[in-house]
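Asks: Read off the chains here:
Protein chains: 4
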Amino acid sequence: MKQTVIRFSVSIPSQLAHDFDRMMREKGYHNRSLAVADMIRDQLVEHQQQLGQDEIAGSITLVYDHHRHHLQDLLTDLQHEHRAVIISALHCHLDHDNCLEILAVRGHPAEIKHLADELIAAKGVKHGKLVITTTGKNLPA
Amino acid sequence: MKQTVIRFSVSIPSQLAHDFDRMMREKGYHNRSLAVADMIRDQLVEHQQQLGQDEIAGSITLVYDHHRHHLQDLLTDLQHEHRAVIISALHCHLDHDNCLEILAVRGHPAEIKHLADELIAAKGVKHGKLVITTTGKNLPA
Amino acid sequence: MKQTVIRFSVSIPSQLAHDFDRMMREKGYHNRSLAVADMIRDQLVEHQQQLGQDEIAGSITLVYDHHRHHLQDLLTDLQHEHRAVIISALHCHLDHDNCLEILAVRGHPAEIKHLADELIAAKGVKHGKLVITTTGKNLPA
Amino acid sequence: MKQTVIRFSVSIPSQLAHDFDRMMREKGYHNRSLAVADMIRDQLVEHQQQLGQDEIAGSITLVYDHHRHHLQDLLTDLQHEHRAVIISALHCHLDHDNCLEILAVRGHPAEIKHLADELIAAKGVKHGKLVITTTGKNLPA
Chain E
2 MKQTVIRFSV SIPSQLAHDF DRMMREKGYH NRSLAVADMI RDQLVEHQQQ LGQDEIAGSI
62 TLVYDHHRHH LQDLLTDLQH EHRAVIISAL HCHLDHDNCL EILAVRGHPA EIKHLADELI
122 AAKGVKHGKL VITTTGKNLP A
Chain V
2 MKQTVIRFSV SIPSQLAHDF DRMMREKGYH NRSLAVADMI RDQLVEHQQQ LGQDEIAGSI
62 TLVYDHHRHH LQDLLTDLQH EHRAVIISAL HCHLDHDNCL EILAVRGHPA EIKHLADELI
122 AAKGVKHGKL VITTTGKNLP A
Chain U
2 MKQTVIRFSV SIPSQLAHDF DRMMREKGYH NRSLAVADMI RDQLVEHQQQ LGQDEIAGSI
62 TLVYDHHRHH LQDLLTDLQH EHRAVIISAL HCHLDHDNCL EILAVRGHPA EIKHLADELI
122 AAKGVKHGKL VITTTGKNLP A
Chain W
2 MKQTVIRFSV SIPSQLAHDF DRMMREKGYH NRSLAVADMI RDQLVEHQQQ LGQDEIAGSI
62 TLVYDHHRHH LQDLLTDLQH EHRAVIISAL HCHLDHDNCL EILAVRGHPA EIKHLADELI
122 AAKGVKHGKL VITTTGKNLP A
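Quick mapping for you: the protein sequence lines, in order, are chains E, V, U and W.
Add 1 to the 1-based position in the first sequence for the numbering used here, that's all there is to it.
Add 1 to the 1-based position in the second sequence for the numbering used here, that's all there is to it.
Add 1 to the 1-based position in the third sequence for the numbering used here, that's all there is to it.
Add 1 to the 1-based position in the fourth sequence for the numbering used here, that's all there is to it.
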């Protein structure tokens, strides 16, 4: 069965496009559409992982350029809104521009997932990852 | 400084495009380009690790029972041995028994991977995860 | 929102005024009013502690040798007992032996004072200091 | 010998002036000039404590309102400039407005003192304290 195909255009910074093309070739892809499709599938799998209702603990790791206009205000505002699930944030000054920020989180899975999504989607955040683990209560050592 | 932007078009199966759009909205992205750019950065970070000798940054998230005999001594000894790659450690007391400990790390990928493996393998550590990200230097915004 | 400002005049010995001006400049203040306002806030924070039942925030800074027998177990046990007032602990590995540990605390002044006293008195803790500040709620900007 | 007296005027927020007057009375001062003079003497003593040349470790504890315009940008810029002496920063979201930020520092005493002075003098920082301790090397347990 032939599947319908949808075509859309994407605009990204030229340096990023260049790095993408190199990585794509190194990974053995012959066109960008296949590479993008696989990336989307990867993210869908992660995104669809069903989260339960039990309290969880974990971390959100972010790298960003603190000179980026309004970025830090935005990240702090988001964190204060969701402060109920943030234990605290560890901030490391990597170089003149780049920050590594790690949030220790605890609480309802959906709120933590939502917070992580918002932080990682913020324009200027270069990379971000949510690690969900357990509060240890229900996990035998 | 305005960065040059490159535009290209992508063709993907319609069901995948549909799922992508939904996920994108749920994650808080307002257009596909930003979402695709973040996916590319995510893959670049992972890809660079596999090949790389470049300095990386990241986090190691651990949950353990601090009452476990000798566990904390062991974890601290391991950390002091590898203190060259540990920026600092954030320790959260989850309940009477359980600790959430998050290490901010930076340095050579192999040493960080080795440290994470040793910590996570320590008897009494209930769960652990290494997140490798970038120092931001080689990652276009 | 513009805050009302009150203006009053102060008479002090000329040598003291001279020393104040030099210290002010060395600390980076550009006018006496800002420097005086900060001194008043500093004293208010201290003053409120002495009287008070109000929730406070602060930090406990410790330096210790983690090889010291049972010391780390003791410090962790004490912290878990008082975890209601500990937001989290930041642990830095200074060298092969020495640790810098900083606790972010929040809660009832008496419990925080008691916790700090116990930690600092622990055999093997080389130096410790409690800083009591405010949660910011009752301190005018 | 009669000492010359200098008179200058000070403008501070009215709520702060009100709290100052109450504290002054509770402490037994009969006029503002005497109270201000004593505060200045207190700060001079602290400020004049001679710092050696040996490497030190310590913490800087700050409370501030993150909504204050440009404050967070300023604090982060200052920290990145002095990142050589900052191990990392622990950030706690106290309520909707107020942040408790604690920096773990290590390095040359003069640079650390200078950084602390600049951070504490920043307009909008409600309260700040530097704790200087030892790296533990030269201090017997």
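Derived by calculation from the structure, the hints in this document are not laboratory data.
A few of these clues could be false.
For identical chains, the list gives no copy identity; a pair is met inside one copy or between any two copies.
Distance condition first, Cα-Cα at most 30 Å in a straight line; then the derived BS3-like pairs of lysine-lysine [to be verified]: (1) K138 <-> K28; (2) K130 <-> K114; (3) K138 <-> K124; (4) K28 <-> K124; (5) K138 <-> K114.
Asks: For the identical chains here, do K138 and K124 meet the 30 Å Cα criterion within one copy, between copies, both, or neither?
Replies: Between copies only: 17 Å across chains, 36 Å inside a chain, cut-off 30 Å.
Asks: Quick one: K138 to K114, C-alpha cut-off 30 Å, is that within a copy, between copies, both, or neither?
Replies: both (20 Å within a copy, 27 Å between copies)
Asks: Which holds for K130 with K114 at a C-alpha limit of 30 Å: within a copy, between copies, both or neither?
Replies: Close inside one copy (11 Å) and across copies (17 Å); limit 30 Å.
Asks: From the Cα coordinates, with 30 Å as the cut-off, is the pair K138 and K28 best called within, between, both, or neither?
Replies: Both ways: K138 and K28 sit 26 Å apart in one copy and 23 Å across, limit 30 Å.
Asks: If the cut is 30 Å between Cα atoms, do K28 and K124 qualify within a copy, between copies, both or neither?
Replies: Close inside one copy (27 Å) and across copies (13 Å); limit 30 Å.
The structure meets every hint from the earlier list without exception.
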